[in-house]
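Based on the sequences and whatever the hints tell you, model everything.
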Amino acid sequence: MNKIAIILLTLLIISGCSSVEEAPVSQESKQENKEQIIKEEVVLQNDKQGSSFNTKIPSIKRISTNEDLKVGFDSVYTEIFWNSTENNVPYNFPEVHSGEIEIGDTIYIDWSMIKPKPSEVSLMQVKKHSETVVESKVVEGEVVNIKIGENELGKQYAVQFLWKDGKTVTGKSMLNFRLEEE
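Residues -22 to -1, 1 to 160 (mature numbering (1 follows the signal peptide of the UniProt record, and there is no 0)) make up the sequence shown, in order.
Hints were generated in silico from the structure; no laboratory data involved.
Be careful, since some hints might not be right.
[Said to hold, decoys possible] In silico SDA-like pairs for lysine to any residue, Cα to Cα no more than 25 Å straight-line:
(1) K142 x V54
(2) K105 x I58
(3) K93 x V54
(4) K34 x N123
(5) K142 x G119
(6) K48 x I(-19)
(7) K39 x V117
(8) K105 x K125
(9) K48 x I35
(10) K39 x T63
(11) K105 x K133
(12) K125 x E45
(13) K133 x M152
(14) K142 x E45
(15) K125 x K142
(16) K142 x S76
(17) K48 x H75
(18) K34 x V116
(19) K34 x E160
(20) K105 x E160
(21) K34 x G119
(22) K115 x K133
(23) K133 x T63
Put into structure tokens, the structure is as follows:
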């Protein structure tokens, strides 16, 4: 009888110890759940006020004539305004250090990682040191390839990203880069 009592007492102590060890994990789990709920509420609040802006910048890469991929092409990405009505302050295109390029190379720009997706994307050629857009065209899809010929060398370009609510522009950002021969 004593052996049975000792075995039962040992089992009771072991089960009590295992419950004590689980309790802190359970408390940590509750804290993690609470933090997750708060994060979800913040996301929902952002969605009610307008989507939050993902700060990932578009990638810009150079593909050389021999198909070698060169990453880290010089560029400047700027968020001009977000989640407000269009501001009428003129955008001053920054002086951009030129990325080195050769005739026959291709510049590959990908903005698929931007969330939310822009409503309209335009590729612009801009006059150096001014606010003047020489040429602009709307781009379809989430990437643009620019094949480099003699006409593209020495010029500055910008990719303009617009977010719209109906016809009202609510967000704008720009990716600027310049092309110079190596």
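To see whether the hints hold, each was checked on the structure:
Between K142 and V54, the direct Cα distance comes to roughly 23 Å. Compliance with the 25 Å bound is thereby established for this hinted pair. Distance hint between K105 and I58 is fulfilled; the C-alpha atoms sit about 19 Å from each other, no more than 25 Å. This hinted pair checks out: K93 and V54 have alpha carbons roughly 19 Å apart, not beyond 25 Å. Restraint check for K34 and N123: the C-alpha separation of about 20 Å stays at or below 25 Å, so the hint holds.
Between K142 and G119, the direct Cα distance comes to roughly 16 Å. Compliance with the 25 Å bound is thereby established for this hinted pair. Distance hint between K48 and I(-19) is unfulfilled; the C-alpha atoms sit about 76 Å from each other, more than 25 Å. Pair hint K39 plus V117 holds up; C-alpha atoms about 17 Å apart against a cutoff of 25 Å. With a C-alpha separation of about 20 Å, the suggested pairing of K105 with K125 holds against the 25 Å cut-off.
With a CA separation close to 17 Å, the supplied pair K48 and I35 stays within the 25 Å bound. Using a Cα cut-off of 25 Å, the hinted pair K39 and T63 is violated, with the two alpha carbons roughly 32 Å apart. For the hint linking K105 to K133, the alpha-carbon distance of about 8 Å falls within 25 Å, and the restraint holds. Among the hinted pairs, K125 with E45 is consistent with the structure: their alpha-carbon atoms are about 13 Å apart, no more than 25 Å.
Our distance criterion of 25 Å between C-alpha atoms is met by K133 and M152, whose separation comes to about 16 Å. As the CA atoms of K142 and E45 are separated by approximately 37 Å, the hinted pair breaks the 25 Å bound. Annotation: proposed proximity of K125 to K142 is violated, straight-line Cα distance about 30 Å (limit 25 Å). Taking the CA atoms of K142 and S76, the gap is about 31 Å. The hint is violated against a cut of 25 Å.
Between the alpha carbons of K48 and H75 the distance comes to roughly 17 Å, so the proposed pair stays at or under 25 Å and holds. For the hint linking K34 to V116, the alpha-carbon distance of about 22 Å falls within 25 Å, and the restraint holds. Between K34 and E160, the direct Cα distance comes to roughly 29 Å. Violation of the 25 Å bound is thereby established for this hinted pair. Simply put, K105 and E160 have alpha-carbon atoms about 21 Å apart, close enough for the 25 Å limit, and the pair holds.
A C-alpha spacing of about 18 Å is found between K34 and G119, which places the hinted pair at or below 25 Å, so the restraint holds. Restraint check for K115 and K133: satisfied, since their Cα atoms lie roughly 16 Å apart, inside the 25 Å limit. For a cut-off of 25 Å, the pair hint linking K133 to T63 is broken: about 31 Å separates their Cα positions.
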